[in-house]
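Just so you know, the sequences run in chain order A and B.
Residue numbers for the first sequence, in UniProt numbering: 1 to 344.
Residue numbers for the second sequence, in UniProt numbering: 1 to 344.
These are calculated hints, taken from the structure and not from any lab test.
Cβ atoms here follow ideal geometry from the backbone N, Cα and C, with glycine treated the same way.
Heads up, a few of these hints could be off.
What the hints assert, rightly or not - With beta-carbon atoms standing in for the labels, derived distance ranges:
1) A:Gly252 / B:Arg332: 55 to 61 Å
2) A:Ala281 / B:Ser274: 24 to 30 Å
3) B:Gly305 / A:Asn207: 32 to 38 Å
2 protein chains.
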Amino acid sequence: MTKTIRISLDAMGGDHGPSVVVPGAALALERHPGMRFVMHGDEAVVRPILDAHPKLREATELRHAAVSVKMDDKPSQALRVGRYKSSMWLALQAVRDGDAQVCVSAGNTGALMAMSMFCLKTMPQVDRPAIAAIWPTTRGESIVLDVGASIGADASHYVNLAVLGAAMARIVFDLDRPLVGLLNVGREEIKGIEAVKEASRMLREANFPHLTYHGFVEGDDIGKGTVDVVVTEGFTGNIALKTAEGTAKQLGEYLRGAMSRTLMAKIGYLFAKSAFDALRAKMDPSRANGGVFLGLEGVVIKSHGGADAKGVASAIDIAYDMAHFDLMRTIRDMLEESPAVPPA
Amino acid sequence: MTKTIRISLDAMGGDHGPSVVVPGAALALERHPGMRFVMHGDEAVVRPILDAHPKLREATELRHAAVSVKMDDKPSQALRVGRYKSSMWLALQAVRDGDAQVCVSAGNTGALMAMSMFCLKTMPQVDRPAIAAIWPTTRGESIVLDVGASIGADASHYVNLAVLGAAMARIVFDLDRPLVGLLNVGREEIKGIEAVKEASRMLREANFPHLTYHGFVEGDDIGKGTVDVVVTEGFTGNIALKTAEGTAKQLGEYLRGAMSRTLMAKIGYLFAKSAFDALRAKMDPSRANGGVFLGLEGVVIKSHGGADAKGVASAIDIAYDMAHFDLMRTIRDMLEESPAVPPA
């Protein structure tokens with residue numbers, strides 16, 4: 001028995017809109033030929049691009065949306081203008097109505113989260129949804145959450161984040177018991193914020209069947225890949241993520257500068273070019289693309305606004321896995337084992 | 001009129017103790033021949049190393065300390081064992097008693113901060129001391145504080161941190177009006193933690209004569225060098241610092257891997273070796289060494305525990321500048337202009 005995976009796409013999202021979203025979907029379809037799309041956008045713009053990809057056209061139902069949310073719209077603005085009729089809203093609604101299992105949008109994060117909360121609603125066992133990032137490490141990849149959906153957290157919220165992140169890690173990394181760490185300023189139990197310490201006690205005592213609690217991790221453990229899932233609240237997580245992005249960019253500039261300074265270095269660069277290309281691919285943000293909104297009544301993948309078709313295809317790949325291995329079911333099962341929420 | 005700069009050294013601090021601290025002091029003395037040292041440590045160990053550096057020996061008063069604080073001592077342990085008699089305590093006491101203007105130790109951070117608070121005391125206008133890091137950026141260097149002295153902050157504490165960091169930037173970067181930013185999850189005034197937003201209003205209204213308030217900055221602004229001083233509380237600051245360190249290490253490993261994978265890449269490396277050496281120097285943590293404790297009744301420089309003699313010398317250079325340009329006076333003057341503290 002194979003179920004058909006149906007992905008709902010906001011064709012108008014991102015800096016480049018349908019000119020990268022449609023080719024990105026075509027790329028993803030090559031890898032998962034059984035996949036089907038419900039695509040939302042301005043028909044006059046999207047149809048011609050879709051017609052240029054006959055296989056994708058066969059696999060896609062295009063639905064017209066009169067409005068597109070802009071990349072710089074504030075969440076409140078986006079809701080006012082785009083509720084019920086924007087490509088973003090309709091893409092979410094298709095998930096709510098069961099026309100698709102997961103929604104992918106490269107639209108602006110704040111607007112997408114606000115619309116997701118309105119359209120899909122937050123799960124009853126979860127206080128606030130979170131954004132999970134897939135973070136490249138020296139050992140492979142880890143999941144870091146929350147990277148900016150909500151500010152501040154009590155102990156229960158940290159435990160919820162641990163459950164949501166572990167459920168995602170089980171699917172994305174194909175692990176039975178992902179290793180989960182709480183981000184803190186030291187590894188000793190006496191250090192850090194009170195809520196983090198309390199969450200640590202709760203996670204240790206909970207003895208989840210599908211999650212191994214590692215204890216505290218520090219900022220440098222993220223890049224090392226010490227754990228599969230790094231849990232923190234949205235303020236710290238967002239700053240950690242952007243600091244790492246900034247550091248990677250900075251070192252890239254140092255490297256570029258060093259490689260162009262002398263003739264010998266330039267010659268060296270020519271010899272080592274394929275190595276540099278491999279390095280650039282590793283540092284490429286479009287590779288591990290796609291923030292995942294967790295804790296909603298439906299799965300939403302936020303693709304990077306500046307991503308190219310390859311980046312969009314990566315986000316759709318993740319969406320495919322989430323639907324194929326039923327992330328929602330996994331989350332619900334794990335929440336039932338959690339001490340952070342009273343049984344419904 | 002030139003005043004003599006006297007530096008108090010904890011010779012036993014750090015992973016390598018006097019075997020790097022003493023040569024580090026010798027290096028720094030070459031750059032500032034007028035400097036004098038009060039050195040604290042186990043005389044039997046330190047004296048022979050000092051004797052190997054005749055110029056330094058001439059410039060140094062060695063004081064025997066019976067106890068050394070260990071790198072893994074908890075602050076409470078260090079205080080119990082080391083108060084009044086450890087090299088760390090005596091190095092601080094020399095500043096308190098006016099025998100030196102500034103203390104340098106590579107000992108463990110928690111112990112050094114605890115002893116500093118006991119021995120030197122916190123300034124009456126400051127609620128809690130902070131640790132400031134000098135952060136390499138693509139534009140040069142910035143100051144980031146607090147990177148771990150205290151957890152959590154109200155609006156007044158953020159304003160204090162801005163003042164302390166700006167005072168340090170005026171001296172270290174020789175600026176009349178350093179540009180100060182508050183670390184947040186977005187640049188708009190509506191985003192972030194309440195205390196950060198309130199601090200932003202206070203800094204905007206204060207109109208400091210020796211500080212330009214830039215507004216909010218995000219994680220990736222640190223590496224860009226958008227502002228001279230980045231203000232955040234110790235939890236987020238510590239995680240940002242360690243995340244950046246982890247990312248730099250991770251990219252270094254990627255680079256090493258890429259350079260050794262193929263013969264062409266290895267040949268390329270040989271051609272570009274001097275460029276790589278320059279790159280390594282830029283990424284070298286011992287270069288921008290030295291966390292600075294601010295808000296105490298005296299200046300304390302924490303040198304990196306793993307630093308070599310060059311790293312210790314960098315920390316002593318910073319200490320020299322702090323004393324020469326009178327950081328304590330600058331801080332006191334700026335605190336008097338601050339809205340965060342009631343006039344004494």
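Cross-check of the supplied hints:
1. A:Gly252 / B:Arg332: 55 to 61 Å: violated (42 Å)
2. A:Ala281 / B:Ser274: 24 to 30 Å: holds (26 Å)
3. B:Gly305 / A:Asn207: 32 to 38 Å: holds (37 Å)
The structure shown violates just one earlier hint, number 1.
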